[in-house]
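Visitor: Residues per chain are reported as follows:
Number of protein chains: 2
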Amino acid sequence: MLIVKKFGGTSVGDPDRIRNVARRCVEEYKKGNDVVVVLSAMGDTTDDLLELASKISSKPSKRELDMLMSTGEQVSVSLCAMAIMEMGYPAISLNAFQVAMHTTKVYGNARLRKIDRDRILTELDNKKIVLVTGFQGVNKYDDVTTLGRGGSDTTAVALAAALHADACEIYTDVDGVYTCDPRVVPNAKKLDEITYDEMLDLASLGAQVLHNRSVGMAKKYGVELVVRSSLTDAPGTVVKEDLTVEKRLVSGVAIDKSPARISLIGLKDVPGTAFNVFNVLGKKNIVVDIILQSIGRDGTKDISFTVDSKDLDEALKTLEEAKGKIGFEAITHEDNVAKVSIVGAGMMTDSGVASRMFEAIYNAGINIKMISTSEIRITVLVDEDEADRAARAVHDAFNAED
Amino acid sequence: MLIVKKFGGTSVGDPDRIRNVARRCVEEYKKGNDVVVVLSAMGDTTDDLLELASKISSKPSKRELDMLMSTGEQVSVSLCAMAIMEMGYPAISLNAFQVAMHTTKVYGNARLRKIDRDRILTELDNKKIVLVTGFQGVNKYDDVTTLGRGGSDTTAVALAAALHADACEIYTDVDGVYTCDPRVVPNAKKLDEITYDEMLDLASLGAQVLHNRSVGMAKKYGVELVVRSSLTDAPGTVVKEDLTVEKRLVSGVAIDKSPARISLIGLKDVPGTAFNVFNVLGKKNIVVDIILQSIGRDGTKDISFTVDSKDLDEALKTLEEAKGKIGFEAITHEDNVAKVSIVGAGMMTDSGVASRMFEAIYNAGINIKMISTSEIRITVLVDEDEADRAARAVHDAFNAED
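Protein chains in written order, with our numbering: chain X, 132 to 533; chain A, 132 to 533.
Derived by calculation from the structure, the hints in this document are not laboratory data. There could be a bad hint or two in this list.
Under the rule of at most 30 Å between Cα atoms (straight-line distance), these lysine-lysine pairs were calculated in the BS3-like manner [unchecked claim]:
id: 1; chain 1: X; residue 1: 193; chain 2: A; residue 2: 258
id: 2; chain 1: X; residue 1: 193; chain 2: A; residue 2: 161
id: 3; chain 1: A; residue 1: 190; chain 2: X; residue 2: 258
id: 4; chain 1: X; residue 1: 186; chain 2: X; residue 2: 448
id: 5; chain 1: X; residue 1: 236; chain 2: A; residue 2: 388
id: 6; chain 1: X; residue 1: 193; chain 2: A; residue 2: 162
id: 7; chain 1: A; residue 1: 441; chain 2: A; residue 2: 236
id: 8; chain 1: X; residue 1: 190; chain 2: A; residue 2: 161
id: 9; chain 1: X; residue 1: 161; chain 2: A; residue 2: 258
id: 10; chain 1: X; residue 1: 258; chain 2: A; residue 2: 271
id: 11; chain 1: A; residue 1: 371; chain 2: A; residue 2: 399
id: 12; chain 1: A; residue 1: 186; chain 2: X; residue 2: 258
id: 13; chain 1: X; residue 1: 161; chain 2: A; residue 2: 190
id: 14; chain 1: X; residue 1: 186; chain 2: A; residue 2: 258
id: 15; chain 1: X; residue 1: 399; chain 2: X; residue 2: 415
id: 16; chain 1: A; residue 1: 350; chain 2: A; residue 2: 371
Work the whole structure out from these sequences, hints included.
Guide: Below, the structure is given as structure tokens:
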């Protein structure tokens with residue numbers, strides 16, 4: 132069997148933890164398996180390098196930032212290879228140049244295009260445990276790129292796909308995917324299985340266990356993922372296309388406190404208004420999430436939507452500047468809002484889920500500001516202060532049947 | 132003009148110093164010159180990485196150690212590129228893969244074989260200041276190698292040769308090459324010029340300004356070097372084939388406190404004895420320096436030689452083990468010895484230099500234990516405690532005429 136294992140920054144945070152990772156890799160190797168390991172940078176390395184860069188430049192070149200950041204993973208893989216060899220087993224570390232990890236040209240947020248398998252397969256044939264730098268690649272200019280947030284997960288999934296691996300294990304500091312954040316909902320339960328689509332909705336809603344891009348790639352190439360703890364031997368959560376058991380109505384409750392709401396009041400009720408609004412924001416790379424448009428009345432309408440809090444100031448400025456072009460009477464906004472979502476692959480065949488969610492929130496005395504739904508997800512916008520309580524109420528409402 | 136500049140670890144030790152390096156590069160660029168900059172790792176980075184490795188492995192793999200160490204220079208070049216861009220000038224950093232800095236396969240002490248000029252020339256054509264990672268290369272297995280001590284100097288000289296640079300400036304924390312270590316001889320003077328051969332002898336004798344391999348390469352390819360301070364605008368010392376002024380009798384006095392002496396007493400006075408001795412030491416990679424063999428008498432002879440203090444224990448052990456094979460009566464050794472040397476290209480045509488040196492040491496009441504000479508160098512072995520005083524005495528004796 133060929134197993135790809137990925138360990139994040141906290142799992143390789145110090146020499147002891149690196150030894151722990153080495154030990155887990157050796158255990159797998161001793162079973163007779165081929166082992167490919169993807170590592171992130173040690174603990175705070177990425178933050179330390181970013182801070183160093185910020186002392187040099189207020190707005191560092193993205194190309195140079197990638198060149199700088201990519202050193203972090205190279206430190207991790209070489210140290211882990213040493214640790215494995217210290218235990219008496221053969222290992223070799225490889226960086227993005229050596230693996231020929233081809234990406235698109237965009238610095239800071241590149242996408243993997245193609246991975247040369249030759250070097251890795253040669254080293255596996257030589258019976259070595261192969262350690263690969265996560266998060267990074269090389270673009271067509273032969274420049275270093277990085278893959279953006281959660282990039283090492285993406286590296287692992289891409290390697291598992293390219294090498295036709297039998298398993299892709301994502302090790303983290305939690306022991307799997309939970310029905311809700313256990314810090315908010317103490318009786319949250321670990322899921323044994325979850326579908327790609329559920330995981331995608333949970334990840335994009337702030338569950339922060341796996342990054343969306345890696346889950347999307349896993350779904351595309353049919354790579355079955357296992358999310359598990361680097362510190363325990365608990366079996367973790369399997370992420371796959373279809374559940375082996377009957378689909379759950381609701382798999383998880385997600386909380387996301389990052390959004391801010393903007394409303395444009397008194398827009399002309401003519402075609403093209405919405406296009407104008409989101410076009411000016413798109414040009415500034417501001418991502419708009421939940422969108423709500425009122426029914427036109429007296430020739431005017433209102434549009435509300437959410438943006439990430441960090442983009443709020445620029446969004447307001449951009450809209451004010453385009454006021455003449457868009458044509459509206461007023462802007463309102465609020466920053467202290469949060470999204471609470473339920474996700475479940477079984478939801479699409481059960482019409483009662485939404486009403487049960489709204490009922491639970493109503494019973495908790497919490498006001499719903501906006502609603503957005505997809506086939507397997509229902510999201511409501513509430514006051515940020517009430518988000519945790521809303522999540523608990525919703526979790527309790529659906530928990531009985533699991 | 133194309134100028135290669137090399138800055139060492141202390142010159143890029145913190146953000147302020149990196150800005151200082153950036154400023155110097157920009158000044159050169161503003162004169163209309165093409166600028167290629169070679170950097171070492173920041174300050175203590177190399178030591179920090181070595182310490183990290185030592186916590187993982189008692190004897191880390193050399194391949195993985197090179198993979199680890201090479202990250203240090205990549206951090207320096209990317210940060211310095213950011214600093215130059217922050218000042219409003221174009222810059223780009225390149226690592227050993229991007230430059231295609233081909234080396235021999237030996238990890239930890241590789242030698243440069245060939246440098247592809249294409250990428251650097253392209254970036255210079257694009258009017259960029261090009262920053263290149265010193266100290267590292269890539270071998271035929273596509274693995275990272277490092278060039279050993281003083282490796283960044285070698286990178287700079289090799290680049291200057293490959294690019295047919297008009298100047299190669301080695302920036303350091305002293306403002307040039309001195310007639311002696313100013314901490315030992317307060318009236319030591321900075322030299323305006325020195326020949327490659329003098330510099331080679333000074334470097335190998337512990338002057339520690341330029342590493343021997345880089346000077347040897349500069350001599351081979353006729354690259355004129357300038358050693359100068361990164362903190363002042365003093366002109367520094369030019370290292371070249373021939374001096375423009377008349378050759379000095381003595382260019383400098385060097386002190387080296389690293390050696391230890393070993394004597395083998397009562398060797399058989401037959402052919403092959405010396406070969407046996409240095410063959411067993413050579414097999415353990417123990418470098419032998421000054422060798423003195425007594426005239427044979429009563430069928431036996433003695434051999435004395437120096438080794439680096441750090442190799443003393445292993446040398447003694449190796450010789451004891453080979454006692455039967457070599458055949459000797461006793462071993463003596465002393466660790467507290469030092470070499471004091473005078474170096475000067477004019478020496479080879481003046482027979483009185485040696486006697487003046489010995490006279491100065493005699494007048495200072497210091498005993499000479501061993502003597503070794505080359506065409507442009509005379510070295511004596513003295514007690515370590517007396518080395519500084521011997522150097523001052525010799526320096527004074529030759530200083531009058533300079």
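Visitor: Checking one constraint from the list: CA of residue 193 (chain X) to CA of residue 161 (chain A), max 30 Å. Satisfied?
Guide: 24 Å, holds
Visitor: Under the criterion that the straight-line Cα-Cα distance not exceed 30 Å, is the pair residue 350 (chain A), residue 371 (chain A) satisfied?
Guide: 8 Å, holds
Visitor: Quickly compare the C-alpha distance for residue 193 (chain X) and residue 162 (chain A) to 30 Å and report which way the hint goes.
Guide: 28 Å, holds
Visitor: Regarding the pair residue 186 (chain A) and residue 258 (chain X), is the alpha-carbon distance no greater than 30 Å?
Guide: Roughly 26 Å between the alpha carbons, so the hint for residue 186 (chain A) and residue 258 (chain X) holds.
Visitor: Keeping to a limit of 30 Å between CA atoms, is the pair of residue 399 (chain X) and residue 415 (chain X) held or broken?
Guide: 23 Å, holds
Visitor: For residue 193 (chain X) and residue 258 (chain A), compute the direct alpha-carbon distance and say whether it is at most 30 Å.
Guide: 19 Å, holds
Visitor: Please verify whether residue 161 (chain X) and residue 258 (chain A) have alpha carbons no more than 30 Å apart.
Guide: 54 Å, violated
Visitor: Check whether the Cα positions of residue 190 (chain X) and residue 161 (chain A) lie no farther apart than 30 Å.
Guide: OK: residue 190 (chain X) and residue 161 (chain A) at ~23 Å, within 30 Å.
Visitor: Are the Cα atoms of residue 236 (chain X) and residue 388 (chain A) separated by 30 Å or less?
Guide: 53 Å, violated
Visitor: Is the hinted pair residue 186 (chain X) and residue 258 (chain A) satisfied, with a Cα-Cα distance of at most 30 Å?
Guide: 26 Å, holds
Visitor: Is residue 186 (chain X) within 30 Å of residue 448 (chain X), Cα to Cα?
Guide: Cα-Cα ~28 Å, so holds.
Visitor: Holds or violated: residue 258 (chain X) and residue 271 (chain A), Cα atoms, limit 30 Å.
Guide: 21 Å, holds
Going down the numbered hints, you'll see the structure goes against 5, 9 and 11, while the others check out.
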